[in-house]
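Colleague: If you want the building blocks of each chain, they are given just below.
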Amino acid sequence: MNHWIVAPILLPLLTAIILVAAKGATLRVQRVLSLAAALASLGLAALLVSLAAEGGVQVYRLGDWPYAYGITLVLDRLSAMMVLLTAALALPSLLYAAQGADAAGRHFHALFQLQLMGINGAFLTGDLFNLFVFFEILLIASYGLLLFGGGKARSRAGIQYVVLNLAGSSLFLIAVGLIYGATGSLNMADIAVRVAEAGPEQQTLLRTGAFLLVVVFGLKAAAVPLAFWLPNAYAVASAPVAALFAIMTKVGVYAILRVFTLVFGLDGVDIAGAVAAWLIPVGLATMVIGNAAAMIETRLRRQIGWLLIGSVGIMLVVVGLLDVQSIASGLYYLIHSTLLAAGLFLLADLVARQRGAASDHLQAGLPIAQVTLLGILFFVGATAYAGLPPFSGFLGKAIILQATREAALAPWIWTVVLVTSMFAVIGLARAGSRLFWNVLPGVSEARPASFAAVLPAILLIASSPLLVGLAGPVVEYVTATAVQIGQPHLYVEQVLGRVAAGQ
Amino acid sequence: MDALVSLAIGTLVATGVYLLLRPRTVSVVYGVMLLSYAANLFILVMGRLTTGAPALIHDQATRYADPLPQALVLTAIVIGFGMAAFLLVLALRAQADHETDHVDGEEGDR
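As you go down the protein sequences, you meet chains A and B in turn. Be aware that the first sequence starts at 1, since it is given in the numbering used here, and climbs by one per residue. Be aware that the second sequence starts at 1001, since it is given in the numbering used here, and climbs by one per residue.
The shape of chain A in the complex, shown without the other chains:
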């Protein structure tokens, strides 16, 4: 067993414990500690990706208990990639938070680290109930982060967000209960084997459990009709929190991908197909509603939230197709959209701070002090997010169009992808011209942002040209990931096989 696999969960947990215990520590010490942990997590995640790339599926059994009694963590290409993406997102978000957003209350960094622990745990766990537990950890931390700083708008959006997610948690428990009742196991690999062997009398329980899981994960992923909480929640959260939350919808997408390619993914199980048949229309509707709402939205941060929903739609569609090429293209798009959405959230905050009372409302405001720098960043970010050449959004959508060419629903998918891209272009073009060109006479009193405050946004938005430059290796990695996802029996063998040998 390779002990590095548990490190992405332990490191943020220990950091959070130290941060909570060190009551007297100044904010400066907390920042250094938190940033150091985030930097170490990035190195760790890179190590895990290299491990996953060469070693296949690797299992970590906590306490060395056999899978039927203990908790397993599983490292494969998909989980390693998601952990790396989380770390790559956390570092710039923390850098931005260290510019003052973390000073609005206490325990920002502890909550942030706990959130990272929950996200990493959800990606690494090989157990359905622990997926629930890590979901709870990341959600509880996210409640604290969303409300961080306080204020009327946050307490209103916060209560709606918390209630919605608690109702979702109850549904998750019921779904886990159904699947346990039908299979008698909670280990995902073990369930997969038992689902494949299940008789007709278990089918109703399993199907109900599977569809309930889609509802729960769809709520986290913000799939229409469960998406309408997102723009409000992300718009009121402080900017670094909104940036980190860009990964939260992807946790939902990841869970759908994991459960329906692994747990219900072995040969001869038709549940995944039944769910996939729903995912595609849901994804298409999500794309249309997300991008159309972004086109008419009146505030920049809510607009980015709607665009994020649109990008979830495209991923649901390719996950629903369940073939290697489509999933690979979806994973490339997932990396692109997560990093870029986070960059745009940070940029929106920088822009809003320099426009006086107009804030991020898409209406005439005071001229922006750093109009050239922020303007270029917005132009690059918007071009990339809408999917115009030469950035990663264009490449990602092109790969998706190519991968879905032979699908039965290809005409639908192509039409919706192309039309909603136009919606996004219109929305972002309108936002850019209102924000940067529609200026009132006068001078903004806001001080220009320091380089350190702009750097995180630059880093995140620069990921887009970087993803184009590194498209070769990235596409190679995600294709190998999709191939691995398409071979769930290897995953099952790794988790169950070694136990049999050890007994």
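If you are wondering where the hints come from, they were derived from the structure by calculation, not from laboratory data. Be aware that a few hints might be false.
To be verified - Listed next, the in silico EDC-like pairs over lysine to aspartate or glutamate satisfying Cα-Cα at most 16 Å (straight line): (1) K152/A <-> D1101/B; (2) K152/A <-> D1104/B; (3) K152/A <-> E1107/B.
As the list claims (entries may be wrong) - With the Cβ distance kept under 10 Å, some of the chain B side facing chain A (calculated, not the full set): (4) V1028; (5) V1045; (6) M1046.
As the list claims (entries may be wrong) - Sample of chain A residues lacking proximity to chain B, with all beta carbon distances greater than 10 Å (derived): (7) Q58; (8) W229; (9) V269; (10) V288; (11) L366; (12) L401; (13) A449.
Glycine included, every Cβ here is placed at the ideal spot set by N, Cα and C.
Start from chain A and add chain B according to the hints.
Modeller: Just chain B now, kept in the frame of chain A:
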């Protein structure tokens, strides 16, 4: 006993959903709590209903109750209690911020 437990879960879910859809935060909090109780009871049932059977190894026992759902429910109850407490405090906070306990932070149309 099956019918009784089913009825209990059904009543909890129905009441929970009804309260969840009410406009006052207190009702909504109660709704969330009832729904989580229903989920806990449901998990317990998924280990199959047994009476008089121990969950731990015992010399005279001829049959056992499934211990795993009991452990799961314990976890879920702890998380549920924590969240209920948090949600109540949050509801109080929201009421103080908005001077109303409406979930939208303002009175809707009557």
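Colleague: Each of the hints needs a verdict: does it hold here or not?
Modeller: Results of checking the hints against the structure:
1. Taking the CA atoms of K152/A and D1101/B, the gap is about 13 Å. The hint holds against a cut of 16 Å.
2. In summary, the hint linking K152/A to D1104/B is supported, as the alpha carbons are separated by about 11 Å, within the 16 Å threshold.
3. Between K152/A and E1107/B the CA atoms are separated by roughly 15 Å; this keeps the pair inside 16 Å, and the hint holds.
4. The beta carbon of V1028/B is positioned within 10 Å of a beta carbon in chain A (closest approach about 6 Å), and the interface hint is therefore held.
5. Using the Cβ-Cβ criterion of 10 Å, the hint placing V1045/B at the interface with chain A is satisfied: the shortest such distance is roughly 8 Å.
6. Given hint, M1046/B at the interface with chain A, holds; its Cβ is 3 Å from that chain's nearest Cβ, closer than 10 Å.
7. With a closest Cβ-Cβ approach of about 26 Å to chain B, Q58/A is found to remain outside the 10 Å limit, as its non-interface label requires.
8. In this structure W229/A is separated from chain B by more than 10 Å, as the shortest Cβ-Cβ distance comes to about 12 Å.
9. Look at V269/A: its CB is around 20 Å from the nearest CB on chain B, clear of 10 Å, so calling it non-interface holds up.
10. A cut-off of 10 Å between C-beta atoms confirms that V288/A is not in contact with chain B; the least separation is 27 Å.
11. Residue placement check: L366/A keeps its beta carbon more than 10 Å from all beta carbons of chain B (closest about 29 Å).
12. No Cβ of chain B comes within 10 Å of the Cβ of L401/A; the nearest lies about 41 Å off, and the non-interface call holds.
13. Listed as a non-interface residue, A449/A keeps its Cβ farther than 10 Å from every Cβ of chain B; the least gap is roughly 29 Å.
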